Every structure is written in structure tokens, then in C-alpha cells.
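**Q** Start from the sequences and build out the full structure, keeping to the hints where you can.
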Amino acid sequence: MLRYASKRVVLAILVALAVSFAAFLLLSVATDPAAAIAGEGAEPEVIEHIREQLGLNRPLLVQYGSWLLSVFRGDFGTSYYWHQPVGTLIVQHLPVTLTLALSAIFVTLIVAIPLGTIAALYPNSLIDRLALGLAVAAQAMPSFWLALILIILLGVMLPIFPISGDATALNYVLPAIVLGAHSVPAVMRLTRVGVMDVMASDYIRTARAKGFYGYRLLWRQVMRNALLPVVSVLSVQLGYKLGGSVVTETVFAMNGLGRFALQSIVGGDIPTVQMLVVLFAMTFIGLTLLADLLNAWLDPRIRLA
Amino acid sequence: MRAAIVAACLTLVGITPTLAGRADDTLVIAIEGEIPTLDHLYTTARDTIVVSELTDDGLFYVDPDTLAYVPLAAESYTQIDDTTIDVTIRPGVRFHDGSTLTADDVVYTFNWVIDPATNTNRGRLIANWLDRVERLGPMSVRFHLKHPYPLAIRDMAFSVQLRKAGAYQGTEGKPDPTAQALTLNGVGPYKVTNFQPGKSVTLTRFEDYYAASPKGRPAIKTIIFRTIPDLSTQQAELVSGKVDWMYNVPADVAANIGATGYAVHLTGPTLRINFIPLDAAGLTGADNPLTKRDVRRAMIHAINRPDIVKYLVQGDAEVINSACHPLQFGCEQDVHKYAYDPAEARRLLAKAGYPDGFEFEFWAYRERQVAEAIAADLAKVGIRARLRFVTLTTLNQARKKHRVPAFFASWESGSTADTATIAETHWSMKSDRNLAQDVFVAQRMEAAAKTIDRAERQRLYSEALRRIAEEAYWIPLYTYSQDYLVSKDLAYPVPKDGLPRLFRAHWRAAKAS
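Sequence lines, in order, name chains F and A.
Taking this note's numbering, the leading residue of the first sequence gets 1, the next gets one more, and so forth.
Taking this note's numbering, the leading residue of the second sequence gets 1, the next gets one more, and so forth.
Heads up, a few of these hints could be off.
[What the hints assert, rightly or not] Just a few of them, taken from the derived set where beta-carbon distance is under 10 angstroms, the chain A residues facing chain F:
id: 1; residue: Ala117
id: 2; residue: Pro177
id: 3; residue: Leu182
id: 4; residue: Ile228
[As the list claims (entries may be wrong)] Using C-beta positions, here's what the derived DEER-type ranges look like:
id: 5; chain 1: A; residue 1: Gly173; chain 2: F; residue 2: Val10; range: 37 to 45 angstroms
id: 6; chain 1: A; residue 1: Arg217; chain 2: F; residue 2: Gly286; range: 54 to 62 angstroms
id: 7; chain 1: A; residue 1: Met429; chain 2: F; residue 2: Glu52; range: 21 to 29 angstroms
id: 8; chain 1: A; residue 1: Asp24; chain 2: F; residue 2: Gly65; range: 20 to 28 angstroms
id: 9; chain 1: A; residue 1: Gly216; chain 2: F; residue 2: Gly74; range: 45 to 53 angstroms
id: 10; chain 1: A; residue 1: Lys380; chain 2: F; residue 2: Pro95; range: 27 to 35 angstroms
id: 11; chain 1: A; residue 1: Asp176; chain 2: F; residue 2: Thr168; range: 33 to 41 angstroms
id: 12; chain 1: F; residue 1: Ala18; chain 2: A; residue 2: Met429; range: 41 to 49 angstroms
id: 13; chain 1: F; residue 1: Ala169; chain 2: A; residue 2: Ala127; range: 32 to 40 angstroms
id: 14; chain 1: F; residue 1: Gly74; chain 2: A; residue 2: Arg217; range: 47 to 55 angstroms
id: 15; chain 1: F; residue 1: Val10; chain 2: A; residue 2: Thr391; range: 34 to 42 angstroms
Hints listed in this document are in silico derivations from the structure and should not be mistaken for laboratory results.
As the structure is a computational prediction, the values presented were derived from the model and not from experiment.
In this text, a Cβ means the ideal position worked out from N, Cα and C, and glycines have one as well.
**A** What follows is the structure, given as C-alpha cells:
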């Protein structure tokens with residue numbers, strides 16, 4: 001198991017390096033950070049001076065190599081746009097996004113898994129149809145629209161929750177609902193299908209014959225197997241929420257990594273964008289690895305394979 | 001659209017807004033952009049400039065009502081000759097750390113700004129005209145200019161915020177350009193008490209602010225800038241009483257919210273104008289139809305600018321005819337004017353040899369709906385504009401490579417009421433924005449930018465601007481209005497140049513219950 005995990009970690013680092021190199025190349029082609037720093041209407045000499053100062057006139061491979069060496073030394077560079085060390089900036093923004101993403105996953109779990117399970121236990125019933133209807137509605141709702149409705153209903157008309165900022169735990173409630181709602185349909189359907197499949201399997205029939213019913217049957221025999229695909233989907237969803245919460249963070253004025261990444265891209269801030277790309281890539285890779293390990297824990301057959 | 005939904009919902013539900021920040025004497029400002037640094041010397045971000053108006057003072061100040069330059073941290077100045085300006089520093093001006101402003105601080109600040117190694121945002125601009133600054137005494141300095149430069153006082157007012165001598169001295173004796181990015185030591189009417197980049201800035205009234213300042217003593221004790229990128233969320237916070245002031249609101253949205261009574265809609269001018277430079281010089285191809293004057297004139301006649309302003313831009317915006325803002329010094333208005341006249345446009349096209357019109361690339365990076373309206377108007381007379389909507393960076397790069405025959409442009413002039421600020425960037429023979437490459441125009445614009453005599457400058461601008469209009473080098477479009485939404489409790493004097501001066505805001509007297 002340890003050997004398997006080590007191999008996956010090395011592979012993960014190689015993938016992250018490949019992603020960072022691709023991002024570096026694309027960013028270098030798409031933007032001119034010197035021009036972005038110099039500002040609109042800057043004279044060519046000014047732009048050239050900045051380019052020289054930042055070493056942007058060196059060959060791309062040399063620039064990339066130099067960046068990589070610095071990263072290995074723990075120096076992530078200084079942001080062109082924010083005038084601060086990139087590492088410090090990422091550490092400042094990470095807690096907001098991490099809290100938001102985990103809260104959103106929590107919202108997804110508490111809504112999607114019970115609903116999916118109940119829908120599976122009573123297929124084609126009214127509750128099943130309602131659950132599927134809710135999933136369709138959640139899928140069709142754009143995040144910004146749901147955010148707007150929640151802001152008006154629960155922030156303005158009934159001023160229960162704050163609608164912007166990230167200062168208190170209450171600030172996370174509405175954004176977590178918005179971000180969490182997005183994953184509900186997929187997780188709910190997977191849970192429903194998973195539970196239905198397992199319930200129809202021979203070993204459940206056998207378990208029933210042996211006298212397993214109710215909660216014991218559901219939790220010990222059904223859910224462990226039914227939730228295997230859900231774990232994989234949730235890990236991807238968490239990665240998505242960590243890297244792609246731009247809309248939610250923007251609407252609710254949260255100073256997280258999503259908005260930070262967007263602003264850095266717009267500002268042509270290559271050192272920051274580079275580190276964020278690596279961070280997001282590592283997050284996805286790490287979460288995929290974690291999902292594999294979790295699946296192996298849930299299903300011993302995977303460990304033996 | 002989303003903003004309109006919010007306005008409609010608020011009207012339908014009949015919300016009663018809570019009290020604004022008068023109770024705790026805290027003015028909460030919602031801004032759309034980030035504040036990446038407190039140091040105005042290192043950014044041109046609009047919101048940072050608005051903060052800087054509160055935390056920083058320069059030697060001079062632009063009166064927002066008259067747009068005249070008046071001494072601020074300076075007490076007076078004397079133009080000794082065309083290239084020498086003596087400035088006397090006002091006594092009793094203090095930095096936020098309590099120390100007093102002296103000539104040494106002024107000399108240090110300007111030397112820092114013009115040093116190419118320090119990379120300040122406007123360093124090159126200042127170094128273009130400023131040779132050196134000399135200390136004449138403890139409270140007086142002499143500026144030696146490289147050549148006569150009429151905007152020297154303007155640059156001192158807008159671009160050089162005063163810093164304490166040694167302010168950028170980092171550890172181990174190495175200069176540190178980021179030294180004022182997070183903790184600023186300015187001489188403005190407010191000092192920074194909390195700064196979370198990209199999130200908020202809290203300012204507290206500086207009680208030792210000099211009494212003689214033309215900015216006056218601020219009435220409000222605390223000002224908090226909060227970054228709320230989404231306009232709808234800003235509005236929701238405003239009607240909930242958690243935000244007191246927002247700007248850059250689209251005119252229709254501001255009018256809708258203002259009509260609901262939850263906030264007051266204020267509007268005023270800005271110095272931004274929109275226009276379309278045309279490739280008269282044939283940079284994108286010598287056989288380019290835009291090289292023909294009749295074609296360029298036809299294009300202006302074809303665009304229904306009054307309707308675009310009335311239905312799309314709205315607010316206080318106005319159609320312009322000259323290549324500058326009417327509020328700017330030297331902006332000649334007695335130029336050739338082009339009415340909306342599609343028939344005349346077709347006649348001119350036929351005369352130029354294009355009876356069936358032609359196709360060209362029209363580049364734009366902002367206000368897509370206006371760009372599309374312009375393309376639609378041109379299509380009505382047979383000119384097929386292929387709209388290339390791109391980012392500003394892409395447009396800049398393409399223009400440098402002479403691939404842009406016409407682009408939808410916008411210029412704010414750094415809130416400066418002087419034609420020089422739009423002329424030097426757009427009509428210099430070295431500028432890639434100059435698609436006309438007219439030596440006559442360039443010479444006059446450059447001469448005016450190096451002349452102190454106001455009458456002579458006016459004459460030079462007049463000649464150049466008349467020529468531009470006559471030759472139809474640009475399609476002049478419109479000015480902008482700045483629209484604000486403010487709490488009903490707040491009195492906010494609207495400036496003439498669109499640059500907010502929040503130190504002038506004060507709470508309205510509370511109504512007796």
C-alpha cells in the first residue's frame with residue numbers, strides 16, 4: 001500500500017510540473033506582464049525597462065527553470081500586482097476558499113445523500129419524483145441566480161445572514177448553499193442509482209434472509225458499497241470548489257483563492273498565477289489519490305487488486 | 001440585467017432600509033475593484049487613487065469644483081522662468097507618524113520618483129520633464145525642468161504623493177519599493193488603521209491634519225472601503241444600510257434604485273471620452289478605404305451618436321465633436337461638425353468609389369453594446385464592420401503590430417482638465433495609437449505640451465483640433481457621466497472631474513423624531 005501511494009505521489013508531482021510548464025508557456029504567450037505593470041498607455045521604453053528588470057527578456061526555458069529552482073528553495077516569488085510574496089498571499093486566501101469548499105461539500109452531503117437514499121428506497125414514489133425534480137431544478141439554476149435570490153430573501157428581506165464578506169461563520173452560510181447546491185444533482189443521482197443497484201443484489205437478498213433489516217442493513221451492507229462512486233465524485237467536486245468558486249466568491253465578496261486567481265490573471269501576474277496553477281493541479285491530484293485510498297478502505301477487493 | 005432584477009425585487013417587496021452609518025460615524029464605501037497596494041506611487045488603479053485622495057497629499061491639489069490647481073502641502077509657488085519653479089512648503093504639515101513635512105522629504109520623494117530603478121508608476125512621466133529638485137532651505141525647494149512643461153503643477157498634484165525621507169529604506173540598507181504598500185505614512189486627512197489587500201481598508205480621521213488645508217477638515221471620523229465585486233450585492237448592501245456609498249453604477253440602474261427611495265442617485269461629469277481612431281495613414285494597408293477622407297467623413301455621418309447617448313450611455317453623457325473633453329483647457333469646440341445623416345454618408349461613400357460600401361475590422365474591448373450599435377449603424381450605409389471584441393492587452397498588442405484599422409477607444413485623461421493629457425498620447429508620431437500620422441497635428445500638439453504661455457497653447461491646440469475634425473481622423477463619440485448611489489443620510493458633493501473626494505462627505509442632520 002505504501003509503495004503504491006509513493007508511486008502515486010511521485011506521479012502527482014510530475015503531473016503538477018507538466019501542468020505548471022504548460023501554464024507558464026500559455027501565460028507567456030497570452031499576456032505581457034511588463035505592459036500590465038506599466039499600465040495603459042505606457043511608453044515602450046518603460047515596458048522594456050520593466051521587462052529587463054524582471055528578467056522577462058530571457059528565453060522562456062531559462063525563466064521557467066529559474067522559477068522552478070526558486071520554488072524548490074521555498075521562494076515563490078513576489079507578486080507583480082499585489083507587491084507581496086506569493087506564498088504569503090496564497091496562505092492569506094486559502095482559508096476562505098477551504099472553509100467555503102468544505103462547507104459546500106457538507107451542504108451537498110446533508111441534502112444529496114439522504115434524498116438519494118430515500119428516493120432509491122421508494123422508487124417511482126412521490127418522494128422519488130420530488131427528489132429528481134429538485135435535482136433537475138438545482139442543475140438548471142445558474143449559481144449567480146440562486147445567489148441573488150438568497151441575497152434578496154435571506155439577506156435583505158429577512159436579514160438573517162450577512163451577504164458579503166468572510167469575517168464570520170455566518171458569512172459562509174449563503175455561499176455554501178449556492179456552491180453546495182451545484183453538486184447536489186450529481187451526488188443525489190449517484191446515491192440513488194448506487195443504493196438501488198445494491199438493494200437489488202444477491203448479497204442483500206441473502207443478508208435479508210439472515211435477518212438484517214432496517215438501519216443495520218442500510219448502513220452496514222448497502223451504503224458502504226453504494227457510496228463508492230459518490231466518494232470519487234465528491235473528491236472531484238471538492239477540487240472543483242477549491243479552484244472554481246470564482247462566481248460565488250465574487251457575488252458574496254469573499255476574498256478567497258478563486259477571486260484572487262481571477263484578479264491575478266487579469267493583472268498578468270505570472271508568479272502568482274503560476275503558483276496557483278500548481279496548487280490547483282496538486283489539489284486535484286491529491287484529492288484523486290485520496291479518493292482512491294478511501295475506496296480501497298471501503299472496498300477490500302480494491303486493496304487486493 | 002441582474003441589477004435590474006434586484007431593483008425590481010426591492011420595489012416589489014417594499015423593504016424599509018435600516019439606518020446608515022451615521023450612528024457610529026462610519027462611512028462604508030463599496031468598490032468593485034481590488035486595492036492591491038496603499039501606495040499610489042505604485043499603481044494607477046482607480047480605487048487606490050480614491051483612497052489616496054484621503055491618505056495622501058501632494059504639493060498641489062485640484063479643486064474639484066473649479067478644476068484649478070491650488071497649493072496643498074505647498075504654501076505657495078513661483079514660476080521663476082520657463083524651466084524653474086520655486087515651492088514654499090506649508091508649515092505644520094504632519095505625516096501620520098507625527099513628524100513634520102520638510103524640504104528634505106520633498107526632495108527625497110521626487111528623487112525617488114524619477115529614479116528609473118525604483119519603478120514608480122509615473123516615474124518616467126515625471127522624469128521626462130523634471131531634471132532635479134534642489135533644497136533651497138528647510139521649507140523651500142526649487143524644481144529644475146528639462147524643458148518648459150505646462151503640466152508640471154498638475155503632475156505634482158496628481159502623480160507625486162509626498163513621502164517621508166527614508167520611507168522606502170528597507171532592511172540591510174536596500175531600498176524597498178514595497179515599503180509603503182501595506183502600511184502607509186502619508187500626510188492626508190485620513191490615516192490607515194487597517195488594510196486587508198483585496199478586501200478592505202479602514203481609515204480614521206487624522207486629528208493632526210493641518211487646519212489650512214484646502215481639502216478642509218473631514219466631517220466623518222471613519223471610512224471603510226470594502227471590495228464587493230458584484231454590483232447587485234453592492235446594491236443589496238446599500239439598501240440594507242450596510243453600505244453608504246457606491247460609484248461607477250450604470251446610469252439606468254442608478255436611476256432605478258434612486259427612484260425606489262432606498263438611496264439617492266447622484267450624477268456628475270467625468271473627463272472620460274469615447275472615440276474611434278481611423279487608419280488614415282494606411283498602416284494596415286495603403287489601399288485601405290479608411291485612408292480616404294470622404295470615407296472617414298461618411299463613417300461619422302453614418303453613426304447615430306445622439307441616439308446612442310440617449311438610449312445606451314444615458315446619464316449626463318453628451319455627444320462630442322472635438323478630439324478632447326469640452327471641460328479640458330484648449331479643447332476647441334469650433335470645429336467641423338458631422339450630423340447624423342445616412343444619406344450624406346452614402347453620397348460620400350459613392351464619391352470615394354465605394355457605392356456598395358466595404359468591409360473592415362472594428363476592434364473593441366469595452367462597452368460591447370455600443371460597439372455593436374455603431375457596427376449596426378455603419379451597416380445601414382453599406383459599411384460592414386467585422387467586430388473583433390478582445391481584451392485590452394490583445395488590442396494593445398495588435399495595434400503595436402499595425403493590425404488595427406479602427407478601434408473603439410476610451411480615455412480618461414487622468415482626471416486632468418487639459419487637452420495635453422489626451423493629445424500627447426494619441427497624436428505623437430511615436431504613439432501606436434496615432435493612426436493618422438499627421439505631422440501638422442503632431443507638431444502642434446507637441447509644441448503646446450512644451451509651452452507655458454496659455455494663449456499660445458490654446459492657439460496650437462485649436463489648429464490641431466480643427467485639422468483633426470476637418471480630416472475626420474477620429475470619430476468623436478461622447479463624454480461619460482459618473483453615477484453614484486449614496487445613503488439618504490449622506491451629503492456628498494459631486495466633483496466636476498469624476499474623481500471622488502470622500503473627505504468632503506458629511507452626514508445630513510438627523511430628522512427630529
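**Q** Against each hint, give a clear statement of whether it holds in the structure.
**A** How the hints compare with the structure:
no., hint, result
1, Ala117, "8 angstroms, holds"
2, Pro177, "8 angstroms, holds"
3, Leu182, "7 angstroms, holds"
4, Ile228, "4 angstroms, holds"
5, A:Gly173 / F:Val10: 37 to 45 angstroms, "44 angstroms, holds"
6, A:Arg217 / F:Gly286: 54 to 62 angstroms, "56 angstroms, holds"
7, A:Met429 / F:Glu52: 21 to 29 angstroms, "25 angstroms, holds"
8, A:Asp24 / F:Gly65: 20 to 28 angstroms, "54 angstroms, violated"
9, A:Gly216 / F:Gly74: 45 to 53 angstroms, "50 angstroms, holds"
10, A:Lys380 / F:Pro95: 27 to 35 angstroms, "56 angstroms, violated"
11, A:Asp176 / F:Thr168: 33 to 41 angstroms, "35 angstroms, holds"
12, F:Ala18 / A:Met429: 41 to 49 angstroms, "47 angstroms, holds"
13, F:Ala169 / A:Ala127: 32 to 40 angstroms, "51 angstroms, violated"
14, F:Gly74 / A:Arg217: 47 to 55 angstroms, "48 angstroms, holds"
15, F:Val10 / A:Thr391: 34 to 42 angstroms, "38 angstroms, holds"
The structure shown violates the earlier hints numbered 8, 10 and 13.
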